[in-house]
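Engineer: Sequence:
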Amino acid sequence: METWAIFTGDIVKSTAMTRAELDAVFARLEEAADAVATWQSQPTRMTRFRGDGWQMAVAPQFTFRAALVLRAAVRRSGKTADTRFGIGLGDAHFAGDDLSRADGSALVRSGHALDAMPRARRMNAPDAALGLRAALPLADRIAGRWTMRQADVAYYMLAPEPPVQASLAQQFDLTQQSVQGHVDAAGIDELREVCDILEERMTAH
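Just so you know, we're using the numbering used here here: the sequence shown kicks off at 9 and counts up by one.
No lab work stands behind these hints: they were computed from the structure.
Treat each hint with caution, since some may be false.
To be verified - Cβ pair distances, simulated, as ranges: (1) 104 x 192: 42 to 50 Å; (2) 209 x 169: 29 to 37 Å; (3) 28 x 211: 17 to 25 Å; (4) 42 x 145: 35 to 43 Å; (5) 192 x 58: 36 to 44 Å; (6) 152 x 183: 35 to 43 Å.
Glycine included, every Cβ here is placed at the ideal spot set by N, Cα and C.
Take these sequences, add in the hints, and give me the full structure.
Structural biologist: And the structure:
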């Protein structure tokens, strides 16, 4: 069995959404899953279940970065759209691309992490290393305040190899100065620094 970070999540206040709104959120999540798969050169096996639930498999070194990109992806679909998820790190054995057929300690821990989520939180990884456990609550506070436009910029700029700001400005019909303003307001440079430190530590072990 390989070591994985399994994310088990659901969509916040999904019962207040129309089917089209919920489908739009999942379209953004699928897009993010495809992006994360390119970082790790392995599929994320994104699986939707029980209407508003989802699971995803992420290479452990990208846990923190993926958590941020997933929060950004969902916020891009609506100004109050959000997701919460528990993260479990450990062994995982896959049976095809559907995570509902997978097993291993990472999946068990992930489910427990979601069930034990503190009420005000959106991200929880109680069994993770100290650095990730310390970083997640702070990142949770930052990501929860992103506007849709800040989430647009964060989604791309938090990737391991982000685009140049000029191309992002063109994509969103913004000035480069405006993109930099969103980068600053969303705390992206600081979050990238934490991503890099956590990934460097995990790769070194």
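Engineer: None of the hints should be skipped; say for each whether it holds.
Structural biologist: Okay, the hints, checked on the actual structure:
Taking the beta carbon of each, residue 104 and residue 192 are about 43 Å apart, inside 42 to 50 Å as hinted. For residue 209 and residue 169, the Cβ-Cβ distance of about 20 Å falls outside the hinted range of 29 to 37 Å, so the restraint is violated. A beta carbon spacing of about 41 Å between residue 28 and residue 211 contradicts the range 17 to 25 Å that was offered as a hint. Distance hint for residue 42 and residue 145: a CB-CB separation of about 28 Å, inconsistent with the stated range 35 to 43 Å.
Between residue 192 and residue 58 the beta carbon distance is about 38 Å. The supplied range of 36 to 44 Å therefore holds. Checked against the hint of 35 to 43 Å, the C-beta distance between residue 152 and residue 183 comes to roughly 27 Å, which is inconsistent with it.
Violated hints, listed in ascending order, are 2, 3, 4, 6; each of the other numbered hints is respected by the structure.
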